[in-house]
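Student: The primary structure of each chain is shown beneath.
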Amino acid sequence: MSHQQSFDIRTRGRGTTEITAEVARIVRAAAIATGIAQVFVQHTSCSVMITENADPAVRRDLETLAARWAPDGDPAYRHDTEGADDMAAHARSLLAGSAVSVPVGGGELLLGTWQGIYLWEHRAGAQLRHVVVTVLG
Amino acid sequence: MSHQQSFDIRTRGRGTTEITAEVARIVRAAAIATGIAQVFVQHTSCSVMITENADPAVRRDLETLAARWAPDGDPAYRHDTEGADDMAAHARSLLAGSAVSVPVGGGELLLGTWQGIYLWEHRAGAQLRHVVVTVLG
Amino acid sequence: MSHQQSFDIRTRGRGTTEITAEVARIVRAAAIATGIAQVFVQHTSCSVMITENADPAVRRDLETLAARWAPDGDPAYRHDTEGADDMAAHARSLLAGSAVSVPVGGGELLLGTWQGIYLWEHRAGAQLRHVVVTVLG
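Protein chains in written order, with numbering that gives the first Met the number 0: chain A, 0 to 136; chain B, 0 to 136; chain C, 0 to 136.
If you are wondering where the hints come from, they were derived from the structure by calculation, not from laboratory data. Treat the hints with caution; some may be incorrect.
Unchecked claim - Across the chosen pairs, the derived CB separations fall in these ranges:
hint : chain 1 : residue 1 : chain 2 : residue 2 : range
1    : B       : GLY14     : A       : ALA123    : 34 to 44 Å
2    : B       : MET0      : A       : ARG67     : 11 to 21 Å
3    : C       : GLY106    : B       : ILE8      : 34 to 44 Å
4    : C       : PRO74     : A       : MET0      : 18 to 28 Å
5    : A       : GLU17     : C       : PRO55     : 20 to 30 Å
6    : C       : ALA23     : A       : GLU81     : 43 to 53 Å
7    : A       : ARG24     : B       : ALA56     : 13 to 23 Å
8    : C       : PRO55     : A       : ALA123    : 22 to 32 Å
9    : B       : ARG67     : C       : ALA56     : 34 to 44 Å
10   : A       : MET0      : C       : HIS129    : 37 to 47 Å
11   : A       : LEU127    : C       : ALA30     : 29 to 39 Å
12   : B       : MET0      : C       : ARG59     : 42 to 52 Å
13   : C       : GLY105    : B       : PRO74     : 42 to 52 Å
14   : A       : GLY72     : C       : GLY106    : 37 to 47 Å
Values in this document were obtained by computation on a predicted structure and should not be read as measured data. All residues carry an ideal CB built from backbone N, CA and C; glycine is no exception.
Use the sequences and the hints to build the structure in full.
Tutor: Spelled out as structure tokens, the structure:
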């Protein structure tokens, strides 16, 4: 069995938007008791990630470390025609990934208490992002 | 078809525990000839990873690089109330991920000869970790 | 429903080989309308990744950042018997991962316009790499 639904998110530039509730709704609509839900972004400069959902400082600190891993406008970049943040965004997308998969049990997302699903925008400016959720069981 | 089973691991603080045999047993119990097995941890400060299973020094070296990527007690962290290792653990969890998926063929995990599946504890102290294995086919 | 096919790639050492067309062909052969396609390498020193498919400089820049994350022959490595590039390759494999999963809709890979699937060789020398594609729906 499979069920697929997608939605758009308008981001406000770099930072995270929680999408756990949206994904949970799609999983319920799927009416699949046991399986996997995959959340995928059709972009190479934003990510989907699972991280701690309690203290927003965790996501700010991940942003700090991501900026160390891939600084904006690094002089070593050769891909620099789309702005100082563009290559950094592709690199952050590699680090955090473009998809997460979560087990489904009893028809619900089997996330731990402290796990949330986030769309992580890596570009400096606002973007429209397309998210595809696929539930298999 | 889908099959789901979970198990707990008591870690002894930072370091890896091989769980390949445990996952392989669940895959066999699933009796699914062709598909995918997903291994997921319900936590944001440990990971599941696939890496080389021959020389334990590989995992020690990954620990060394992970500590460079996210040092304990970095002065830039703002999430610091749960100990010097906590934010570092969330960041390592982003790096290594909270799940791996392995193809299943002939009813067995299709791992390469040198691939092992590891629970990677990122917190300094011992923890009880919950692992969910879902097999789809 | 499930469909599984594998293929080999002979790499020429460090760098990327696009495999999107190969994976798309397997997805079409699967004749699964809605689901997920997983692309997995049975190795711990190369990766599969999704990244920008337009400007090859993006992949060169990812190589630059990967070399910062895990330099060849770092004096801290203890796994050094297989050459200066071997531990670096395992670490890059952790960073980029050994699998990607892409949603399937209307019987086709649901990649965004700028997303390509790449085999990323991390070893300095040429290697024969085995890729397993599993389509579930």
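Student: Evaluate each hint against the coordinates.
Tutor: Structure-based check of all given hints:
1. B:GLY14 with A:ALA123: 34 to 44 Å: For ALA123 of chain A against GLY14 of chain B, whose Cβ atoms are near 38 Å apart, the range 34 to 44 Å holds.
2. B:MET0 with A:ARG67: 11 to 21 Å: Violated, since MET0 of chain B and ARG67 of chain A (Cβ atoms, about 44 Å apart) do not stay within the stated range.
3. C:GLY106 with B:ILE8: 34 to 44 Å: Roughly 40 Å apart at Cβ, these two residues keep to the hinted range, so it holds.
4. C:PRO74 with A:MET0: 18 to 28 Å: Taking Cβ atoms as reference, PRO74 of chain C and MET0 of chain A lie about 53 Å apart, which means the hint is violated.
5. A:GLU17 with C:PRO55: 20 to 30 Å: violated (35 Å)
6. C:ALA23 with A:GLU81: 43 to 53 Å: Given about 26 Å between the Cβ atoms, the range is violated.
7. A:ARG24 with B:ALA56: 13 to 23 Å: Between ARG24 of chain A and ALA56 of chain B, where Cβ atoms are some 46 Å apart, the hint is violated.
8. C:PRO55 with A:ALA123: 22 to 32 Å: holds (24 Å)
9. B:ARG67 with C:ALA56: 34 to 44 Å: Roughly 26 Å apart at Cβ, these two residues miss the hinted range, so it is violated.
10. A:MET0 with C:HIS129: 37 to 47 Å: violated (30 Å)
11. A:LEU127 with C:ALA30: 29 to 39 Å: holds (32 Å)
12. B:MET0 with C:ARG59: 42 to 52 Å: Check passed, 43 Å falls within 42 to 52 Å.
13. C:GLY105 with B:PRO74: 42 to 52 Å: holds (51 Å)
14. A:GLY72 with C:GLY106: 37 to 47 Å: Since the Cβ atoms of GLY72 of chain A and GLY106 of chain C sit about 42 Å apart, the hinted range of 37 to 47 Å holds.
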